[in-house]
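Residue numbers (the numbering used here), protein chains in the order written: chain A, 250 to 541; chain B, 88 to 387.
Fair warning: there could be bad hints in the mix.
To be clear about the criterion: a stretch of chain A counts as covered by chain B if any three or more of its residues have a C-beta under 8 Å from a C-beta of chain B, and this derived list gives those stretches [what the hints assert, rightly or not]:
1) 286-292
2) 304-315
3) 320-331
Label-pair ranges, simulated between beta-carbon atoms [unchecked claim]:
4) B:Gly267 <-> A:Asp307: 29 to 37 Å
5) B:Arg144 <-> A:Pro338: 22 to 30 Å
6) A:Pro386 <-> B:Glu92: 45 to 53 Å
7) A:Thr335 <-> B:Ala194: 22 to 30 Å
8) B:Phe275 <-> A:Glu409: 55 to 63 Å
9) B:Glu92 <-> A:Phe300: 27 to 35 Å
Residues from chain B that face chain A, not an exhaustive set, calculated with beta carbons under 10 Å [unchecked claim]:
10) Ile125
11) Glu126
12) Ile129
13) Glu131
14) Gly132
15) Leu133
16) Leu137
17) Asn140
18) Trp142
19) Ala143
20) Trp146
21) Arg158
22) Thr166
23) Thr169
FYI, nobody ran anything at the bench for these hints, they're computed from the structure. Predicted model only: the values in this text are computed from it and were never measured. Even glycine gets a Cβ: it sits at the ideal position worked out from N, Cα and C.
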Amino acid sequence: MPNPENADRPILVVGPGRSGSSWLLHALDEHPDVRDIIENRAVEGLWQECFQNFWAGDWRWVCEPDEAERRVARSARDLVTTLFPTDEPEWVMKLIWRGRPWDFIRLAFPRARYIHLTRSPATNIPSMMEYMGSNNPAWKDLAHCEDAWCGAHEEALALEHAGVPYVRIKQEDAQSDPAAVWRRVARFLGLRTDGVDTSKVGNEINVAESTKGRVADGRAPLAWGMMSARTHAVARQLGYAITDVPADELPTEDRRRIAQTLGGRDLARMVVSKAGKKLVGGGGGEVRRADA
Amino acid sequence: MPTPENVTAPILVIGPGRSGTSWLLHALDEHPDVRDVIENRIVEGLHLELFENWWARDWKWVCDEAEAQRRAVEATRRTLCTLFPTDQPRWVMKMIWRGRPWKFVRAVFPDAHFIHITRSPTTNVPSMVDYMGRHNPSWKNVRHAEHEWVQAHREALALEDKGVPYIRIKQEDAAADPAGVWDRLRTFLELRDVPVGNLENEINAGEATKGQVKFGRPEKPWGDFTRKTHEMSVRLGYLPESEADVSIESAVVEGLTSQLAEANAERERMAAEIERLREGGPDVVTKPASPSEAGVHREP
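Kindly produce the complete structure, drawing on both the sequences and the hints.
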């Protein structure tokens, strides 16, 4: 956790949620030199309060805009050190999902290191629909999840392009070989590995109900044909091969209708399994398998 | 503005807006020992973020509730000192309107002095409708403005009931005798007696009263207000208790009388219309609304 010496150099985990970010925080927290901070919105909350609320226009009565930004950035560091104080030399915090004020975050944490976690939308999006959708119906909507997935990755990729210290990790790699991924992360962060217990890096953390105890086997993927061209484009950028139905094989309207018609459980049942069976849109909201 | 030495002891201006709060801040800022902080929502914003946002339940993984509260208090003070630093020994900030987390406010500022500024609803509410309504249509609704007025005063009076250092100032007194009100404030705040200028300046006046604040704004009749507003006005000394109910009853009687007069007028108009029909006058239908209606005529 932060202290005045390291407040400006957190390890920030970016990208969409449901992609192994809890596993990563847990693994990092096991290292004796690192402490994790609970997922929070304190920094954005402060930024929003100071620059988005009705009174933000009145900064002009206080100081120049640059100075206002500097003061708020200093306050953001004060905030994390006051709320989550500790003595460990490194601290890690999730800044997952999207809509973060990245310019401000870079100002507040100029020496931050970014770990961008990725996971194929074919499994990441069903996980969002199941896990997030269990508490918030908006997440049961495929289009909403796709938008969140794309938006989070687009923002994370923009950070990479900005040239900040950045590493990209595939959840699939962490799933199949957690120890190897852990070594990559440690190398990127310059963490010592000698004598560090890594026996727990293979643990399942924060797993959705339907995959508990079976994370290593993976989740039944959503057919690529169900997803939008934007999702395909982002997935390609992240190095995920589009393997089954091309996007244009299903009319957009059908895809949307299917997504809206199916609930989370039905969707999980109906979407094509790993074997890559195809879905095609039928009339009247029905969904058939091509091989049925 | 706050420093680590005085951050726990602000002068906080409370009550509804459009009641002379900007004048008060301006007057205090004229004193060499006091600086005003721009109106802001830092304290509430942080409280909301740290205790009301979805992640607040996870404090349990960090520390116990009392420690979380202590850290939030400390973080709020540090934030204010970092955002608005200065060297003046005293600082003043508006905490007007309603819905403030007062318990948290008192924890952050245990040595605060509270100035509760009041103004009769007969002019305060029209000023809200006029000034706030320019940008936000919901404020054009008199009932909304009244509700805000009542709630803000309720919260301010609850602070008085808690026994905090508190003074109540009437905007009407400040408009009529700003120097007299200033003396009261200075004594309450134990500020040294130095000449303070510009007390008679108009600050943030509504469009309708610019240049004539001291003459006051045309008053909205008491009968236009709800019982809750009357009750609060009695408590604040704007309406004698004996007149509160009378005013409401008068309004009810006035309203019913007016409705009765309208009903009588309508009855007379209809009676005249019936009379014309019976007599077979030529203009049974004077303004046909449709071709079929236009064809209506009296059989010979």
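Which of the numbered hints are not met once you compare them with the structure shown? Violated hints: none; all satisfied.
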